Amino acid sequence: MNRSISFVFVSAVTIIGLAQNKADIIVSYNCNTPDKQGKAVTTKMSLLASATEAKYFNDLSLWVDSLKSTPDGKAQYMEILKNTCMTVEPDGSTSWDLRKGPTKKTYIYVFTAPAEETLTVYGKYGEDLGYYTEPIAEIEWDINEDSTATVLGYECLMAESDYHGRHWKTWFTPEIPMPFGPWKLRGLPGLILKAEADGGFSFEATGLEHTDRIISPMYLREDYTKVDRKKALENAEYYVNNTESILNAQGQNVKIYTIDDDGNEIEVPKYDGLKHSLEPDYKMK
Amino acid sequence: MKAFVAYILCLFVMVSAVAQVNVTGTVIDKESNEPLTGASVIVKGADGKIKKYATSKADGGFTMTLPSVTGCRLEVALMSFAKKSVALDSVSFPLTVYMEPGAIQLKEVAVKADRIREQGDTITYNVGSFAQEQDRSIGDVLQRMPGINVEKSGKIQYQGEDINKFYIEGSDLLGGKYGIATNGINHEDVGAVEVMENHQPMQVLSGISFSDKAAINLKLKNKAKATWTFHGDAGGGYSWQPQGAIWDGELFAMAVMPNFQNITTFKTNNIGEDLSAQATDFFASRRGTELERYVSVSLPGVPGLSQRRTLFNRSALVSTNSLWKFGRGEFKAQIDYSFNRITADAANITTYFLNDGDRVVTENRSGTDRSHSLSGKFIYELNQKTAFINNTLKANIDWDNLYLGVTGSLANEQSVSLPDYYIGNDFKLIKRFREKHLVTFRSTLEWESLPQTLYVRTEDNYMRQHIGNHAFYTNESAAYAFSLKGITVSLEGGIEGYLRGLNTQLPDMPAEIPGLTENVLNTDYFTVYVTPKFEYWMKRVNLVLNAPLSFAAYHFDKAIANRSETYFSPSLSINWKPNNRFSIGLHGGTGRSPMDLSLIQPGVVMTDYRSFRRGTDNFYNSTSQNVSANFSYKHTRRGLFANAFVMQSWSHNPYTVAQQLYGDYVVYSYTSAKSNGQMFMANGNVGKTLDFIRGSVNVNGGFNRYESHLISENEAVSSVTTSWSVGGKINGTPVRWLSFDYRIGFSSNRLTMNSVKSSWLGSMENTLLFNIMPHKKWEWHIRGEHYRNELTVDNFKNMFLLDTKVIFKFNKRLELSAGLSNIFNQRTYNYKSYNQLTSFESQRWLRGREVLISISVRK
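These protein sequence lines map, in sequence, to chains W and C.
Mapping of the first sequence onto this note's numbering: position 174 corresponds to residue 174, and the numbering continues sequentially without gaps.
Mapping of the second sequence onto this note's numbering: position 199 corresponds to residue 199, and the numbering continues sequentially without gaps.
Hints were generated in silico from the structure; no laboratory data involved.
Please note that the accuracy of each hint is not assured.
Unchecked claim - DSS-like, lysine-lysine: derived pairs with alpha carbons at most 25 Å apart:
no., chain 1, residue 1, chain 2, residue 2
1, C, Lys219, W, Lys74
2, W, Lys169, C, Lys219
3, C, Lys394, C, Lys436
4, W, Lys169, C, Lys51
5, C, Lys219, W, Lys184
Unchecked claim - Chain C stretches covered by chain W per the calculated footprint, using a threshold of three residues with CB under 8 Å from any CB of chain W:
no., region
6, 196 to 202
7, 604 to 614
In this text, all values refer to a predicted model and were calculated from it rather than measured experimentally.
The beta carbon of each residue, even a glycine, is placed where N, CA and C say it ideally should be.
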């Protein structure tokens, strides 16, 4: 009996082991977007890719999610947060400053699977975690081979397309024959190393290496519910611009403000998808 | 009919106008015959431009529609497979494209995790992103991390302050002997270096007592944890000066287990690396026995040149360090033995500046120093939130025998025997109860014997100086502290006892020198002290006021009159950290202290063949004041670290050093006279990561001014030494096959005596290392050192030394290297320097050309 249990266990481990997909390469990107004050914000993102799938994510978020996916890890994570964010004042009182600790700030994960011809996006929309899928073929690119650029030493060709409300120019390299790229940009006959859209949105690869990291499936997958992309983005914008009244309606008593460069309390600038979202099509009727 | 033909024709033309070619097919793995998903399929026109593209689906299939495929080619590419190209002119669809294994060569550009991260008070440096191919130990990499400074001695500073702990995976295995780890642990076994700012090592004091020091923790990679790691190097070769065989070997073993840690290392070489420095305890406090060496015969050294160029040595070091955790405590045992045999030769011209004309003494020196040092340390420690116990038993035996032969105006031979025997025990217990109350007990017991024997043989004379010098010291104290709302008030009370005996005999002395030749005396004291301490610590401000008060009774066994004294030395420190980036500290103190008891010595003691020392026959107290400020700034995301330090101190002594010449002999003594000294010191340091070349840059500068007064030949002499220095270093890996490391330092100093200013004399040092990696398995180092020293005004001595080394890596575990150092075989080095009352011109010898073949093995 014991033996058969261990056999089942070993088989299960083997199956899980087989199901894990090793990546061939890892690419790091700088993702630049304008914030609500119009300042450029750079987020470091990574792309793990093999011939058959790719995962786009933020390293810190992945680390936090992987820790939080097991009870032991969750306890460990709380301990880390406590050590880094909690200050015990000499009088015994405690204060928390979550900005000091390793907290998750970037929620997006994009999984691209050419075999299924879809990509799956996980994110946080307002207060809710959600996911949706999109056909890979949705973007139709026009390749303009006369416009080239060199990124990280790779000769790249330019391709253009309108996608979800913005006009994207991307540079991809046929030297790395993978139909992936940063964020949801994909479907070119080579890895996308650079992309730009009007309004201050851009991606640029900053590193590229061989790797044998595992492309792990989405952690805490069960926490996400299927959403409609445009509705979710609309909800997210509504939530950001009305957080104070939403929280107060829930019975809390909060005042949300921001501090300008001179230290004055000012109202939080409004989020406007047309200016601040990578895909503002949800605002275009 | 015509109409019909025309219609058909028309239809045909139309059909051919809309005729499209369906380019379809399947991509198959030739070896396994399985379909391949995700392959990039491109149709290129005759002009080589992309006409259409697709990606193979789950079944390996692809479909594209083109108006025509004339002159076109189909290209299929997939990672790990060779690219396939098919002319489409004469093929029929669907196509089957078989892919064969083949690698696509990636031009790798390092993907960096953030090189430096900050979480709370912990700064984490990613080791891989600072390491260069030529680095071996973690110490090599630490030097490149901005904010961290590794001094030449191996001592580590963070933002200008010495670190207070060095941990390996959170355990303090080595104490202050962390040089064993930094020189031994392979950097590839370390994932990250963590710096914990404001680190309070005693948990019982956390939140109560502020620390402005940082600790370092090495986070090992998983492969180095819960196992033994080993590495060894063995090298042999030939040297042109000193002529003969050379060797360099090392064995290093480390175990990092949950309940046990061990580092054991054995090293030996004769290539100029002084190993005893690697076992130096950087946290050692001054011994309470306070014994001093009267005899000061030392081998000539070569200031300004790296030791690697000038040390003629045979050295060996064995060190074994273990840590066992049991229950809630831990036990540590550290045992070290080192041997050093150093030979040195020099030709010197010493000029004494005297008011009635200068006096010149020439000499050639040649000597050998053999020293052995054996030490053991046994520590039990319990470090908890409510209790802290530490008992440290330490013992040390040194043997040091030195021979120095001098030819010249005063030919002689000196031989010295300087053994040292020491044993001590420190005990500390701190108990925290009801959260806010602390009780501390401390006990220190030390005994030391430092006998010294100096034999001097001149052409017509033979002298023997023997000194017996031993002391016992004890310090027992108890303290109580309570802490309330950020304010901690403590009071420590204790007693100190000190018994010291001095016995010196010099049966024969040059007739020119007057005075006694024998000292037999005891310098004992008994002290009762109280130290009130007030500490205020709220949010980001910390203020500490310390006010030690003591009453001491001195007994000199009738050699001089007994004394009773009261001392009070208050000090104040303020530390302000307005945010995570800035930190500012101010410190000031004033006090009165007894003189160094080893100066009490009515008779004459010979310190070397032409220097004699007569102490005082009186007891003096001196006073001093000091103020200092430090500032540090960091922006970890930008990898920017900066710090600055300024200090001014004053000292007032009721006695002063006097120097009297009797023929060729010099007698130093102390006379009653008001003597004031003051010192000003300022230095700064800025470091920054250079991410675009995976490197870092550092700039530092310093200024010192030291003013003192003494009496020479019955005349008062005031001297001012001013010096400044600037330096910089930069390193990086701009392209994959090349890394570089460049350092430059410039310093200049001037001596002013009785307002007569001599000229500024400067020296410059440049070091550049290139590491070329033409292939994964090969490395080629080229290293140049350039020194430019100003001997007299505008008279420069230039020296250029070049080394090279080729390394072949069989695999990650085995490598072979062949090195050639000092290629031009430079053998001598001249320089000139000043001290307080003399100028010193010298010729020294360098290590000549050397060939060394080495093999390195790792597990």
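For each hint given before, does the structure comply? Return the numbers of the non-compliant ones in rising order. 2, 3, 5, 6 and 7
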